[in-house]
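Below are the chains, spelled out letter by letter.
Number of protein chains: 2
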Amino acid sequence: VGKGRTMQKWMIFGGGGFLALLLGAIIGGLIGHFGFPVYEYGHLTRDADLGITQRIINEVDGDNIASYLKHLSAVPHVAGTKYDYEQALWVKDQLVSSGIDDVEIIKHKVLLSYPPNDNPNQVQITDPAGLTYNFSAQQPVLFSPEEGHPDINSNFLAYSAQGQVSGDVVYAYHGRPDDFKHLEDNGVNVTGKIVLARYGKIFRGNIVLEAEKRGASGVLLFSDPKDFSPRGRNQVYPNTVDLPEDGVQSGTLLLSDGDPLTPHYPSIDSAYFDDDSKMMRELPRIPAQPIGYKDAEYLLQKLGGKESPQEWKGDLTTDYKLGGTFVEAGTKLTMDIRTTREVKDTYTVIGTIPGSVEKDRYVLLGNHRDSWSLGSIDPSSGTACLLEIARVFGKLAQEGWRPRRTLKFCSWGAEEYGLIGSTEWVEQNRKILEKQAVAYINVDIAVEGNYTLYAKSVPMLYKTVIEATKKIPNPNPNEVTEGRTTIYDTWLKNSPSDGGRPKIYGLGSGSDFKAFIHNIGVPALDLRYTYEENIGSYPLYHTLYETYHLLSYLYDEGMAFMKSITQLWGEAARILADSLIIPFDVREYASYINKTFSEVESSYKNDLQAQDISLDNFRNAVAHFDQQATRFLDIEKSVDLQDPLAIRSLNDKLMLVERMFIDPLGVSDRADIVNHILFAPSIKDTYASVGFAGLTDLIEAAKESGAAEDWENVKKHLSVIVFMMQEAGNILTSI
Amino acid sequence: VGKGRTMQKWMIFGGGGFLALLLGAIIGGLIGHFGFPVYEYGHLTRDADLGITQRIINEVDGDNIASYLKHLSAVPHVAGTKYDYEQALWVKDQLVSSGIDDVEIIKHKVLLSYPPNDNPNQVQITDPAGLTYNFSAQQPVLFSPEEGHPDINSNFLAYSAQGQVSGDVVYAYHGRPDDFKHLEDNGVNVTGKIVLARYGKIFRGNIVLEAEKRGASGVLLFSDPKDFSPRGRNQVYPNTVDLPEDGVQSGTLLLSDGDPLTPHYPSIDSAYFDDDSKMMRELPRIPAQPIGYKDAEYLLQKLGGKESPQEWKGDLTTDYKLGGTFVEAGTKLTMDIRTTREVKDTYTVIGTIPGSVEKDRYVLLGNHRDSWSLGSIDPSSGTACLLEIARVFGKLAQEGWRPRRTLKFCSWGAEEYGLIGSTEWVEQNRKILEKQAVAYINVDIAVEGNYTLYAKSVPMLYKTVIEATKKIPNPNPNEVTEGRTTIYDTWLKNSPSDGGRPKIYGLGSGSDFKAFIHNIGVPALDLRYTYEENIGSYPLYHTLYETYHLLSYLYDEGMAFMKSITQLWGEAARILADSLIIPFDVREYASYINKTFSEVESSYKNDLQAQDISLDNFRNAVAHFDQQATRFLDIEKSVDLQDPLAIRSLNDKLMLVERMFIDPLGVSDRADIVNHILFAPSIKDTYASVGFAGLTDLIEAAKESGAAEDWENVKKHLSVIVFMMQEAGNILTSI
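If you read the protein sequences in the order shown, they are chains A and B. Per UniProt numbering, the first sequence starts with residue 1, numbered consecutively. Per UniProt numbering, the second sequence starts with residue 1, numbered consecutively.
Treat the hints loosely; a few may be bogus.
Copies of the same chain are indistinguishable here, so a pair counts whether it falls within one copy or spans any two.
[To be verified] Subject to a maximum C-alpha distance of 25 Å in a straight line, what follows is the list of computed BS3-like cross-link-like pairs (lysine-lysine):
id: 1; residue 1: LYS181; residue 2: LYS302
id: 2; residue 1: LYS201; residue 2: LYS213
id: 3; residue 1: LYS82; residue 2: LYS107
id: 4; residue 1: LYS278; residue 2: LYS109
id: 5; residue 1: LYS344; residue 2: LYS716
id: 6; residue 1: LYS201; residue 2: LYS306
id: 7; residue 1: LYS715; residue 2: LYS703
id: 8; residue 1: LYS213; residue 2: LYS181
id: 9; residue 1: LYS716; residue 2: LYS278
id: 10; residue 1: LYS201; residue 2: LYS395
id: 11; residue 1: LYS181; residue 2: LYS503
Read the hints as simulated data drawn from the structure, not as lab findings.
Can you make the complete structure from the sequences, with help from the hints?
Put into structure tokens, the structure is as follows:
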């Protein structure tokens with residue numbers, strides 16, 4: 001929307017000087033007398049106040065961010081514990097004192113999971129003589145006093161099955177289907193065995209599932225120093241950001257999202273809590289436990305069996321045998337896991353600044369509040385930014401400025417367990433969000449490195465994130481010296497894509513945007529600052545060592561990158577909340593769909609042809625959407641910018657576009673519940689994002705089984721895609 | 001909304017006389033010069049033009065209606081035949097020539113069903129000597145030449161199973177569960193027998209289902225003269241509106257709605273047509289056929305077995321034995337049914353008059369176009385009214401008037417088979433209708449008697465239908481003489497309710513409003529003029545004798561009642577399409593919910609208590625909705641009527657209320673697919689409407705089975721109701 005087009009007529013009038021003023025006074029008198037509405041509703045068609053961008057940039061304060069972060073990361077704040085509620089109250093207080101108009105705390109009663117701290121989970125190796133080596137049950141205090149907080153949990157994986165298992169161990173590398181296939185091809189059977197696998201490639205829940213499917217009796221997960229301590233095991237926290245030998249990555253094993261006791265419906269007090277839901281039936285049936293690499297090394301050294309491929313070898317002092325036997329017969333590993341599953345209360349805080357013109361349109365900013373331990377990075381870095389951007393908007397609101405649309409600041413509970421707070425809240429508010437939510441902007445981890453921005457987005461928001469990044473000053477002085485003055489510049493340099501612009505990733509699952517984009521079709525964006533290396537996470541992810549020290553000293557001294565993310569978050573929200581026309585880019589969507597269709601076509605054309613399944617309808621529907629997206633640009637250009645209802649109507653249509661790809665019946669019959677036919681994450685790795693994964697998952701399954709029924713499922717889903725794509729195209733030019 | 005409140009300021013100004021005019025001119029000059037928007041967008045907040053009501057009343061023309069009806073009922077126009085398409089084209093032509101802006105024909109490819117006319121279905125009785133008596137396969141020509149049209153179908157029931165069955169016959173009265181229970185209690189087993197049942201109490205599909213569930217081998221349905229020829233079998237068509245002895249009621253046996261090959265998704269060319277869908281699996285597995293009462297009498301006279309209860313006896317010359325044996329051993333009845341199931345094209349016509357202010361808000365007027373034979377009443381009486389009201393609105397539009405919101409005139413295909421055209425169209429346009437449809441007004445049969453108006457409505461539309469009826473002149477001159485000058489007056493007198501106003505019925509299923517209200521929560525209204533007697537239908541319903549003669553001579557000479565329905569339809573649509581504030585009455589909704597809750601509570605409190613199931617949450621949620629509805633009135637009253645976005649926002653909220661009761665996952669796991677937790681028809685009789693039938697069906701099932709699992713289903717559904725009711729209340733006062 002060009003500035004000229006949206007300039008208000010009263011501005012022209014206002015420029016008329018003294019004469020105008022005089023006439024204005026006369027007319028004002030007439031208005032008073034006759035009461036007709038001259039200027040009264042001009043604000044309805046006012047475009048964004050662009051001066052606010054600079055205000056946001058200037059107002060964001062690093063000391064505030066640091067102080068929020070320090071408070072949040074001083075104690076472990078695991079969902080369902082007393083700290084969950086305490087920090088919810090504290091977040092509420094911060095929002096209230098920042099001038100946010102309305103702040104509420106929402107309770108959800110959900111299934112969570114804890115380790116038995118009075119009698120921690122045990123993993124031990126017994127040698128032939130009956131002597132035992134006990135794996136560490138706890139991560140040691142290394143630097144910050146709060147690492148010794150009495151309520152830090154002992155090591156566990158949420159929702160692990162309980163039980164004692166013992167026997168041989170098989171090393172399964174990253175625990176992917178192909179890794180298990182390699183074992184099988186080499187005659188290594190995991191049935192009845194304990195699987196030892198490495199973090200770093202796929203979601204831990206998928207590793208345990210793959211092991212369970214193959215009959216494993218238990219799973220141990222560790223982080224190899226090759227991936228997590230690349231500088232060597234002496235160059236680790238608290239001196240570097242790398243993983244010490246007893247550091248352990250906690251995490252959930254839940255493959256679905258939201259409270260598994262209440263699929264589809266919110267976990268409010270009156271809910272029906274279903275012990276036998278599909279989600280409950282898909283919880284792990286075998287025990288699983290994370291271990292440090294010191295213990296993994298001890299274990300690997302004792303493994304017998306075949307050589308593993310070179311690629312499977314890490315940096316531990318061992319030759320990474322495949323196992324299945326121990327070097328010394330009579331050795332065995334025993335896991336005694338007592339991790340609980342308990343119904344607990346978790347809390348979500350929602351603060352609202354009502355819009356000045358369209359209160360009933362929401363731009364939501366969200367971050368989860370719960371951590372596994374002290375959580376300075378995940379998620380408290382994001383929480384600190386949320387509180388600071390809320391403070392800035394609260395201040396602007398108190399000064400009289402308000403965005404056109406409502407801003408909502410969301411502090412989610414129990415994300416770590418499986419996106420539970422956000423999922424339950426979306427389930428609870430589904431109807432109103434479907435109707436009223438414009439976009440959702442997530443910051444989970446705000447800063448996990450200082451190399452480049454890392455943005456995940458739906459195509460319709462590419463324009464917004466690019467526009468916003470071009471305005472945010474570069475937090476890296478070296479980059480500024482090189483002439484890259486904005487975070488956009490560094491992003492473009494350090495994370496380029498083919499198209500001459502920065503790479504923007506797709507939204508898989510794995511954070512609180514999931515329910516918004518994948519269940520109800522609210523366009524979503526996820527922002528963070530990240531590291532250079534292409535590993536699965538920053539080294540201390542989900543460990544005890546996510547301390548204030550880690551973030552404020554080792555990653556982001558002076559909170560420069562934290563400030564940038566806060567500014568960017570605020571500016572992206574401002575663009576979406578304040579622009580007269582919502583800046584969704586449907587052409588970008590069409591391009592994305594074209595590209596994704598081509599990928600599907602080139603990957604599967606032959607398989608489909610062999611089954612007599614034609615992609616013609618799909619291709620035509622994609623082309624139709626493309627044409628309609630182009631036609632829509634003309635409609636957008638010709639809208640009467642003085643007519644508030646014409647603008648609302650156009651915006652309503654823009655909001656509908658993403659919703660058109662939502663199948664209320666769900667994509668496939670899967671426990672994690674996804675409804676977006678285009679962006680649904682693949683069942684093979686819920687972290688990843690590939691296009692039309694609902695379709696490609698079905699094709700892969702049919703190829704594997706060869707069953708006619710499975711190919712029928714492919715045809716059926718294909719027909720749904722074609723229908724939805726056609727209708728999505730149709731609405732762009734319909735009235 | 002009172003007139004005073006909504007009067008525009010420019011009207012006051014306009015009332016200022018000469019001085020104002022002068023000042024207006026000056027100001028006009030200023031506007032020209034400085035270009036600020038004085039009146040330009042005043043139309044956005046203009047309330048309804050009340051003068052249009054009288055225009056509608058005056059314009060509706062009986063001769064036009066008669067001429068439309070004559071054309072439509074000159075040929076049989078069964079869905080999927082060449083007449084389906086011909087009449088679709090003709091309807092389109094009428095709409096185009098009436099000045100409707102945009103008219104489109106939509107094709108759906110759906111499963112239909114036909115009799116084998118070259119070799120009609122046979123029913124015969126063979127006596128011990130081997131002599132056969134053949135039941136009539138065809139209804140004879142009695143009066144109008146078109147009754148002899150070569151494409152009139154022989155007798156059949158759509159979707160009957162094919163097959164030849166023979167044996168004994170059991171008389172099952174109306175074929176309700178209680179009727180079968182009576183048979184059972186009297187030792188009459190229907191397993192392997194052919195069931196003879198009477199039309200008039202429940203949907204024929206439910207009769208066949210009940211018989212099939214009990215192992216019957218076939219079903220014959222007839223209409224007893226006691227119900228359908230109360231003046232005696234010589235006082236029938238063409239002299240009266242009553243059923244002659246060879247008249248046969250055709251109809252569908254489909255228990256679900258929409259094309260059974262494509263549940264949930266539209267039957268477009270690219271659809272996946274699923275032979276094994278849940279709906280397909282619920283099609284009848286036994287043959288069924290309708291017969292005339294002459295043949296039923298012949299059969300009943302031959303039945304042996306026990307006496308039937310007095311109530312079961314009708315007006316045929318027989319003592320209505322329960323059967324199970326024949327009087328003469330060796331007698332048998334044989335049914336040879338070859339009714340097909342075929343995929344055919346059916347057509348829906350949609351004509352659109354875009355609104356002047358809110359094009360993207362739809363008020364839809366709909367009627368189905370397909371009949372079983374000549375269909376003068378069902379549905380062509382409604383089609384004639386649809387064409388006439390479209391003509392009137394088209395004329396007004398051409399003269400320059402347009403309603404605020406868009407009007408859509410819908411002529412549905414294949415309703416008779418199971419609401420197929422409307423269901424497929426709603427499935428196809430689900431997203432846009434959920435967002436943009438304000439209300440749906442159905443007229444299926446327009447006139448089936450001249451006693452009183454018969455309205456079915458959601459509570460939120462009571463106000464609209466009452467307001468409209470008070471404006472429509474009474475078509476009955478005798479009533480006018482008695483001082484009852486409007487159709488409201490006669491309605492109030494002839495169909496009173498306890499509350500001092502006319503009785504308004506609930507919307508069960510059975511016509512095209514179903515997908516609107518029960519699947520996507522669009523408030524719906526159904527209008528017709530009806531008879532006095534409380535029987536299941538007018539006597540000639542779905543027979544060959546629904547001729548132009550029947551309607552234009554025996555029912556409504558001069559088309560006075562047809563005119564009234566047309567006027568009422570138009571006025572109700574005008575109110576909804578043109579009022580600044582959509583006149584949905586949320587207080588009425590709250591009252592309805594209170595009443596319905598009380599009914600559920602008093603019916604089932606003890607059963608639920610015995611299972612430790614509390615209604616407290618339900619009661620609280622109902623009370624909450626009630627309070628919120630009252631609070632909403634204040635919000636509605638305080639809205640700024642000069643602010644077009646405030647009005648839009650309020651209207652959006654009003655539109656959301658009904659949607660809040662829609663469960664996207666469906667109410668229970670039933671093949672007919674209903675989503676409205678409050679209005680869903682009971683599975684026991686899809687014609688009927690009872691409140692919270694999803695819940696009461698589950699309670700009844702649990703009481704019958706006594707299974708713990710069934711009581712868990714009750715609890716689960718109860719939790720969904722509570723949640724939805726709470727949120728429905730919440731949105732009323734949320735931003």
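Handout entry: Numbered hints the structure breaks, given as an ascending list
Key = 10 and 11
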